[in-house]
Structure formats: structure tokens, C-alpha cells
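Model the full assembly from the supplied sequences, consistent with the hints where possible.
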Amino acid sequence: GYLPEVLVNFIALLGWSPGEAREKFTLAELCERFSLERVGRTNARFDREKLLAFNTAALEAATPERKLAGLKDWLSVADPGPLTGQPDAVLARVIECCRGFRVFPDLEYKCGALFVPDEQIRYDEKAVRKVLLKDDGQGRRVLEFLRAVLASAPQWTPTALDELIRGAAEAQGLELGKIAQPLRVAVTGSTISPQISDTLDLLGRERTLARIDRALAHLQTLQ
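Be aware that the sequence shown starts at 18, since it is given in our numbering, and climbs by one per residue.
Honestly, the hints are just simulated from the structure, not real lab data. Quantities reported herein were computed from a predicted structural model and do not represent experimental measurements. For glycine and all other residues, C-beta sits at the position ideal for the given N, C-alpha and C. A hint or two may mislead.
In silico DSS-like cross-links for lysine-lysine, where the CA-CA straight-line distance does not exceed 25 Å [unchecked claim]: (1) K67 with K127; (2) K41 with K67; (3) K127 with K147; (4) K195 with K147.
Across the chosen pairs, the derived CB separations fall in these ranges [as the list claims (entries may be wrong)]: (5) A168 with A61: 14 to 22 Å; (6) A45 with L233: 56 to 64 Å; (7) E49 with A170: 51 to 59 Å; (8) T174 with T80: 19 to 27 Å.
Have a look at this one:
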């Protein structure tokens, strides 16, 4: 799940010192500067957090095209998952929605539920109890209200959905999180996904409404 150029840079620094405080090098720079004379004798320490920091910084600096190529490279060798076989346009949208991800598996962790058949969604019962059943079922009532609002949404874009959800929160006299989290649990089964407007945009109107209906039916079985 790491960019290969980051791994090469990191591994080179495990036993070799460039002789300066700088740590980030391109492959060409490493080939030019590396020498056995500057390889230390002591055992190297593999610092995974430092590697993650290297990769995160490299991803933040990378172009959209480089990130897409890196994701496709990872998908080609990873076990098949929800993102496997998705079109480039969809993968690029996933990357856009998951700003700040550290390694490519983070994308599948955060967005995978959006690309599985609706019937395969499994509800995190802890999230259901905390978000949908708590406060005498406030989350369920929010879902019922949002279902009608979303069904009549004139536009289905991230910007339009964000405005719609914020308006719904204001109409209900609730904080945005009290609206977004019930919706997130209903459509993904958990409290983890991109920003809620991006989540719904990726799902599309039909699947969003179907998943809300499925969640409401699930709640009926818990009463």
C-alpha cells in the first residue's frame, strides 16, 4: 500500500547516511549519492510510523495522476476487494474523497462499503445502538425525515447534498453530526466513510434510498 519510490527512499536511509539533515530523495538522487562508505555498522531500526509519515507526505504532494496510478498498482497485487475492477473515474473520485489517507488500503477501508451489493452490508451493532437507537430512537426518526428529503432532492451532487443535509439539520434543530452519523450508519453499516455528501454522491440516489429503507427495516427487528 506504499508508493514504491517512498519505500526505496526509506530503505536506503535504514543503513546509509547522506551526511546531511535532508531525508527525502528521488531515485535518481539516491543512485548518484549512495556509497558503501556511508553505510553504518550498527543495526538499523525499522520505524513504521516514520515510513507512514514519509508516505503520507508523498501522497499529499503527488499529482492526482500519480495517486491513481499508485492505487491501480496496489489493486493489481492486493486480494480482490470492493475497489477491484472499478473504472478509473470512480477510483479518482474515491481518492478525491479521502484526502489525507496514509496508505492505499485506507481507501478501501473508508470507501469499500460503498461498492459492495446492498445486501452484503453488515451493521456494526455498537454503532446502531449508539447512533440510531440512543435517545429513544432519535437516529431512526432522523432517517425517516431524511429519507423523504433525499427522495425529493432536485440535484444529486456533493455541493447540493451538503446544502440539503445542512438545511435538514437546521430544520430539525440538530447539530450536523446528529444528522450525518445516522445517515452514515444507515448507508455504510458503520461510522466510517468520507464526508457524508461525498458518500451519498458515490452511492447515488437509488442506492442511498434503498440502503436507508434497509436500515429502517433492520431497526424494526430490534424493537
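Need the list of violated hint numbers for this structure, in ascending order. 5
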